[in-house]
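Residue numbers (our numbering), protein chains in the order written: chain S, 1 to 146; chain C, 1 to 195.
Hints are computed from structural coordinates only; laboratory data are not their basis.
Note that beta-carbon positions come from the ideal geometry of N, C-alpha and C, so glycine has one too.
One or more hints might be untrue.
[What the hints assert, rightly or not] Distance condition first, Cα-Cα at most 25 Å in a straight line; then the derived BS3-like pairs of lysine-lysine:
#: 1; chain 1: C; residue 1: 121; chain 2: S; residue 2: 59
#: 2; chain 1: C; residue 1: 128; chain 2: S; residue 2: 101
#: 3; chain 1: S; residue 1: 36; chain 2: S; residue 2: 90
#: 4; chain 1: C; residue 1: 128; chain 2: S; residue 2: 59
#: 5; chain 1: C; residue 1: 121; chain 2: C; residue 2: 106
[What the hints assert, rightly or not] One-sided excerpt, in silico: chain C residues whose CB lies under 8 Å from chain S:
#: 6; residue: 117
#: 7; residue: 145
#: 8; residue: 146
#: 9; residue: 155
Residues per chain are reported as follows:
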Amino acid sequence: MNIHDVSRGFFACAFLLQCCGAIAANQPSEIKGDAKSGEQVYARCMACHSLTENRIGPKHCGVVGRRAGAVPGFDYSPAMRRAKIVWSEKTLNQFLADPMKYLPGTAMVFAGVPDPKERADVIAWLKEARPESAACPANAKRRHRG
Amino acid sequence: MQLIKLLNDPLFAAGRRAFIGKSGVLLSATAVALLAGRDGLAADSKASSTSVGDDVRILNTALGAEHQAIAAYQVGAESNLLEKSVLALAVQFQGHHKEHVEILVKTITQLGGKPVAVLQKYTFPTDKLKNQADVLRFAAGLEQGAVSAYLGAVPAFHNRDLAKAAASILGDEAMHWATLRQALGENPVPSAFVS
Chain S
1 MNIHDVSRGF FACAFLLQCC GAIAANQPSE IKGDAKSGEQ VYARCMACHS LTENRIGPKH
61 CGVVGRRAGA VPGFDYSPAM RRAKIVWSEK TLNQFLADPM KYLPGTAMVF AGVPDPKERA
121 DVIAWLKEAR PESAACPANA KRRHRG
Chain C
1 MQLIKLLNDP LFAAGRRAFI GKSGVLLSAT AVALLAGRDG LAADSKASST SVGDDVRILN
61 TALGAEHQAI AAYQVGAESN LLEKSVLALA VQFQGHHKEH VEILVKTITQ LGGKPVAVLQ
121 KYTFPTDKLK NQADVLRFAA GLEQGAVSAY LGAVPAFHNR DLAKAAASIL GDEAMHWATL
181 RQALGENPVP SAFVS
């Protein structure tokens with residue numbers, strides 16, 4: 001076996017994993033997510049998102065159960081504004097697997113989270129980020145910067 | 001203001017000139033790659049207005065994050081919580097983000113897009129920034145997010161020159177993240193892969 005065989009094998013595996021991820025994303029996730037691990041996965045989102053503040057992307061407190069494009073004061077893409085999506089475990093799983101494919105025109109131009117377990121974990125974390133939760137204090141005083 | 005004092009410090013200025021001189025060489029290579037985007041697309045008969053539009057959208061999202069990073073470093077620099085050496089680092093990293101902005105704006109414009117503007121207001125958890133470590137941790141979080149964002153953007157580009165240029169910025173963000181982790185006393189490179 002030479003390096004090219006190894007390389008081909010690697011990319012074939014990667015391709016299969018991507019395909020499996022895409023197929024799985026169309027099914028209701030049967031993977032039980034772990035919110036603690038999901039918090040670590042969520043760290044990757046923090047260039048654009050925060051639980052409590054609108055940044056490049058909208059804030060995530062209360063995202064599960066919320067209609068897409070509905071955070072007050074956030075300037076959504078036309079595609080997201082028009083989308084008739086309610087964020088649930090299923091729709092988040094589908095969106096996060098490949099945002100640009102699931103919702104063409106989304107401003108979340110990102111290849112997605114191909115690993116179903118990581119998606120389940122981050123969704124578990126987002127489910128815990130209810131508006132009344134400790135992570136999302138309703139009276140959070142976090143304002144600044146012009 | 002501490003930042004102004006620092007910028008007027010001859011030693012800092014000399015170091016910064018040296019840095020800019022060196023980075024200019026690197027930047028020009030990236031700039032060429034970025035600005036090659038339009039020619040590359042023009043030469044590629046398969047490039048459609050849709051694919052160019054997709055690439056512009058990715059670049060604009062990156063530009064928005066870079067604007068935000070500049071604002072975040074400004075908050076850190078003006079916090080009076082940073083030691084002089086750490087402040088110099090923050091200002092240097094902010095300078096990198098400004099260079100990213102400059103090249104992204106040029107590229108988006110070259111591709112026929114409209115660069116997103118700086119927001120009038122950025123909201124950061126300033127009430128949680130009580131000491132230098134808090135500021136460093138906040139910056140490290142943004143840099144980690146930037147690494148992931150660029151990593152997610154690289155395979156999404158239709159134009160491979162743009163993907164390469166985004167990967168170049170990703171490398172810079174990863175160095176920022178590692179340096180900030182080091183400054184926090186954490187393992188600067190905690191794993192063999194970024195995600």
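Structure-based check of all given hints:
Taking the CA atoms of residue 121 of chain C and residue 59 of chain S, the gap is near 15 Å; set against the 25 Å cutoff, the hint holds. A hinted pair counts as satisfied when its Cα atoms are at most 25 Å apart, and residue 128 of chain C with residue 101 of chain S does not qualify at roughly 37 Å. A C-alpha spacing of about 20 Å is found between residue 36 of chain S and residue 90 of chain S, which places the hinted pair at or below 25 Å, so the restraint holds. Restraint check for residue 128 of chain C and residue 59 of chain S: the C-alpha separation of about 18 Å stays at or below 25 Å, so the hint holds.
The hinted pair formed by residue 121 of chain C and residue 106 of chain C meets the criterion: a straight-line CA distance of about 23 Å does not exceed 25 Å. Among the interface hints, the one on residue 117 of chain C is violated; its C-beta lies about 11 Å from the nearest C-beta in chain S, farther than the 8 Å criterion. Because the smallest distance between the Cβ of residue 145 of chain C and any Cβ of chain S comes to about 3 Å, under 8 Å, the interface hint for this residue holds. Nearest Cβ of chain S to the Cβ of residue 146 of chain C: about 4 Å, under the 8 Å cut. The hint holds.
A hinted interface residue such as residue 155 of chain C counts as satisfied when its beta carbon comes closer than 8 Å to some beta carbon of chain S; here the least separation is about 5 Å, so the hint holds.
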